[in-house]
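Novice: Here is how the chains run, residue by residue.
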Amino acid sequence: MMNSKQNFQITFIGQSFHVDVFMETGKPVYFVHLSGEPLFLTQTKGEDGKLFWTSVPEGRQALAAEIGALIEKVLDKPKVPQLF
Amino acid sequence: MCYYNGIRVLHSEYIRLKSLERVVQTLRTQLQRSIQSGFAYADWPIILPINKGADFQIDFAHWEFIAPWYHTFNELEENRKKFNTLNARGESLLTGKLFKDAALKRRCLVLSSGFYEWRHFKPAGAKKPIAYPYYISLPKQEYFFMAGIYQPFTDRETGETINSFAIVTTTANSLMQQIHNTQMRMPVILPEDLAWDWIQADLSPARIEELAKYMLPANQMQAHTIHKDFRSSQLPEEHYHYAELPPLSY
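As you go down the protein sequences, you meet chains A and B in turn.
So in our numbering, the last one in the first sequence is 84, and the numbering has no gaps at all.
So in our numbering, the last one in the second sequence is 250, and the numbering has no gaps at all.
What the hints contain is simulated information worked out from the structure, not anything from laboratory work.
All values reported here derive from a predicted model rather than from experimental measurement.
In this text, a Cβ means the ideal position worked out from N, Cα and C, and glycines have one as well.
Be careful, since some hints might not be right.
As the list claims (entries may be wrong) - Computed footprint of chain A on chain B; a stretch qualifies when at least three of its residues, placed anywhere within it, have a C-beta under 8 Å from a C-beta of chain A:
hint	segment
1	5-11
2	19-25
Said to hold, decoys possible - Estimated spans, in silico, between C-beta atoms of each pair:
hint	chain 1	residue 1	chain 2	residue 2	range
3	B	Ala131	A	Lys50	29 to 39 Å
4	B	Gly159	A	Gly14	48 to 58 Å
5	B	Lys97	A	Gln15	46 to 56 Å
6	A	Ala62	B	Glu244	42 to 52 Å
7	A	Ala62	B	Lys127	53 to 63 Å
8	A	Ala65	B	Arg80	40 to 50 Å
9	A	Ile13	B	Glu21	42 to 52 Å
10	A	Ala65	B	Leu245	28 to 38 Å
11	A	Lys50	B	Thr171	39 to 49 Å
12	A	Ala65	B	Glu21	12 to 22 Å
13	B	Pro205	A	Gln9	50 to 60 Å
14	B	Asp59	A	Ser16	31 to 41 Å
15	B	Ser174	A	Glu47	54 to 64 Å
16	B	Gly96	A	Ile13	23 to 33 Å
Take the sequences, apply the hints, and build the full model.
Specialist: Written out as structure tokens, the structure is:
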């Protein structure tokens, strides 16, 4: 069961989208409320040891990389996302 | 070494991501359906016991208990206006003809992250009470369980077979009395240990009756007003303030 919800907004192609954050298997999973098909994404470690963003399930890698970068910018800001 | 989304990942990460897929797959439909009116008669995720309650599976079922005497969906739709079977009163679950068999043999859990209810209040100057929508949830709980009963149904013309279900309701607690102040009812929301009990096959009728009337204490729930157009909102659960509405007392 997912838990530990936080949320924030990102701006993607000129529009603001809501992002929910869940802790699952000890790591955050991001649920982006895109207006069409919503996107779940998380960060994982590649063979080279570097972190990368991936969609869950597979199949939307390019979008996950693009939106993941936007999420990183929000998370890097020195503020605490709104806690429920 | 395995590939995930075309990128090589460690085996342990692959297992985590595949495990995560299952969680996402199970929950995404519900997350996308944060607003679901029962009157849409759509499918909804429910937890069904298997192996006499030793384990469970998540399935999608039609929210509207379909009485066993119906033969086709057309017949159901023609008779729908006569009575509403979205909910089943917990107090009479074992005494009424319609729900008794399901209550004894086919109990399930309905997954929910929150629900909507209307509070009727007459502001100064208004001619009649106005309905204000509320979003009700459980603090620090992403999901919770409502008691349900289910009934398989096969359309005898098309052969289509589905599960249908009703949410069991009980007397409103002190919080819900203030919100659902016309009906004074609320869903039976079961804490995890009672939810597990509810889907056990060997439950006695006395215990079924007891759980079917369970009233979650008001201090374990939270509620806030939302916009009247919440059904068409991207953020339906977002708080909306109505200055004329007195606050709820907890």
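Novice: Failing hints, ascending?
Specialist: Violated hints (numbers, rising): 3, 9, 10, 11, 16; every other hint is consistent with the structure.
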